[in-house]
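**Q** Protein sequence lines correspond, in order, to chains A and B. Numbering (our numbering) for the first sequence: 1 to 245. Numbering (our numbering) for the second sequence: 1 to 261.
Certain hints may be false.
Unchecked claim - Quick list of simulated restraints, FRET-style, between CB atoms: (1) B:T74 x A:D191: 30 to 38 Å; (2) B:G89 x A:L5: 43 to 51 Å; (3) B:V241 x A:N158: 54 to 62 Å.
By construction, these hints were calculated from the structure, which means they are not laboratory data. Computed from a prediction, not measured in an experiment: that's the story for all the values here. Glycine is no exception: its CB is placed at the ideal position from the N, C-alpha and C atoms.
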Amino acid sequence: MRRRLFIASTVSALAACGPITSPLNDNAGFRRVLASAEGLNHLLIGTHGLAREYHERDVDREFRVNGFATPSDVRYAELAAGKFAAYRLVVDGAVERPRTFTLAELAQMPQQTQITRHDCVEGWSAIGKWSGVRLGDLLAAVAPRSDARYAVFRCMDNDGAGNLYYESLDMHQARHPQALLATRLNDVPLDLSHGAPVRLRVPTQLGYKSAKWIARIELAGGVATIAGGRGGYWEDQGYEWYAGI
Amino acid sequence: MKDARQAIYRYALLTRASHWLWVLAFFVLVGSGLQIFNASPNLDASDKSDPSRRVLAIGSPAEGVGTATLFGRTFETTGWLGWTDDGMGSRGAHAFPSPVTIPGYQDLAGGRRWHLFFAWIAGLCWFAWLVSTAIKGNLREMILRPDDLPKLWPMQAYYLKLRATPPPHGTYNPLQKAAYTTVLFVIAPLVVVTGLALSPGIDAIANPLTAVFGGRQFARLWHFAGMLLLLGFFAIHTFQVLTQGVINQMRSMITGWYQPE
Chain A
1 MRRRLFIAST VSALAACGPI TSPLNDNAGF RRVLASAEGL NHLLIGTHGL AREYHERDVD
61 REFRVNGFAT PSDVRYAELA AGKFAAYRLV VDGAVERPRT FTLAELAQMP QQTQITRHDC
121 VEGWSAIGKW SGVRLGDLLA AVAPRSDARY AVFRCMDNDG AGNLYYESLD MHQARHPQAL
181 LATRLNDVPL DLSHGAPVRL RVPTQLGYKS AKWIARIELA GGVATIAGGR GGYWEDQGYE
241 WYAGI
Chain B
1 MKDARQAIYR YALLTRASHW LWVLAFFVLV GSGLQIFNAS PNLDASDKSD PSRRVLAIGS
61 PAEGVGTATL FGRTFETTGW LGWTDDGMGS RGAHAFPSPV TIPGYQDLAG GRRWHLFFAW
121 IAGLCWFAWL VSTAIKGNLR EMILRPDDLP KLWPMQAYYL KLRATPPPHG TYNPLQKAAY
181 TTVLFVIAPL VVVTGLALSP GIDAIANPLT AVFGGRQFAR LWHFAGMLLL LGFFAIHTFQ
241 VLTQGVINQM RSMITGWYQP E
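Looking at chain A on its own, in the form it has when it is part of the complex:
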């Protein structure tokens, strides 16, 4: 009898977790309290560590697609139909020399290849061989002004409800030696589902920071006035801006 009571009370205590916490989870003030952990984690982990690099034999030839599989921007379909010959990466905002880059121009810049693990926020991971231009090199070419604090990535995608996909990194993260503007995955140009023609790779943070289908990089003093104001599409949905943990 006592044992049955014990089991019943344990199961009901566990089953109360959801119903009790849901109203708290919907409370904006309570969510702000929970979110205080993010700044602490960012402060302690910092941005200087290097993600592990792997061997060729570790590479997943069938690399799992993260996020959405096809971009919904109409311009994108036209660019893809023309094999991205008309693609121009716009880099502007708080920079001394705003300019655009064609894919050929990006290919002429020094290339980095990294075999790194992509850690999805959902919990899965996959290893890919990524090649492209270091974000730091690209930024050096446009000379960021001293008031530039964030690199904001605008993507050729929206969620169907009119919200454009975007991401952001602070300048330390953007100049990290492994922050890469990838144009190739596993020795071939990026395909559509993996972010063609240019995507970001930030192997020291969760996969949603590695934005796909990038059209424009805007350097900005802040992100509060952009979309939901939290520095990214997923961040506006409640995910952490600092995604190292």
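Given the coordinates of chain A, work out where chain B should sit on it, guided by the hints.
**A** Below, chain B alone, put in the same frame as chain A:
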């Protein structure tokens, strides 16, 4: 001589406060951890995801059917795992049922916020308790020592009623010392460290840590297994409290005062 029946002050305020904070933090961490698990309900004994090294997979192979596959053996678990209560008034393809997850509906972003906040609460609480207990010199009462080992079986024999009296011991008996030492200094720290090890930022600043556990997915597996061990401790601990004078035990952990029989 002191009256044996006089109440004794057994638990300091910080011990009691950290005990109940841990109870709260533990339930939040389990519930929010299951929410996070649900986003990718597989555990692989590997660095990157690898179906050929899958230890546990919870899923829904067809509408209305839930299954759990452990070491390649599949069990139908409809209603309990795989196809469960979605917290929105119906059932769906959710690994763990929403009533046991935090929050009680599918919300990975929210679950992560709860998890990462209460991980700090549990960790800081552990550290404060450890420092204060060590300073007061009470730590050695509960740490298992080599001379406790021969007393483990006599104590178990006493619990099984194979022996009339427990072996002589201090404040805590040898089995209690074994349990507390294992939970507080082995399993709980391992759960914290494996949780850190599966994060890309931590992997970048402390490369060997993730590798020691066999990689990211393996760290996720250890993290989950450690949670199950802590749940096992919780079940045994609660059972002991309920069967060994629950009112006296609860009073001592709330007010600090214990009434010897």
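**Q** For the range 43 to 51 Å, tell me whether the beta carbons of G89 (chain B) and L5 (chain A) fit it or not.
**A** violated (29 Å)
**Q** Verify the CB-CB distance for T74 (chain B) and D191 (chain A) against the hinted window 30 to 38 Å.
**A** holds (34 Å)
**Q** Kindly confirm whether 54 to 62 Å is satisfied by the beta carbon distance between V241 (chain B) and N158 (chain A).
**A** holds (55 Å)
Comparing the model with each earlier hint shows a violation of hint 2 alone; every other hint is respected.
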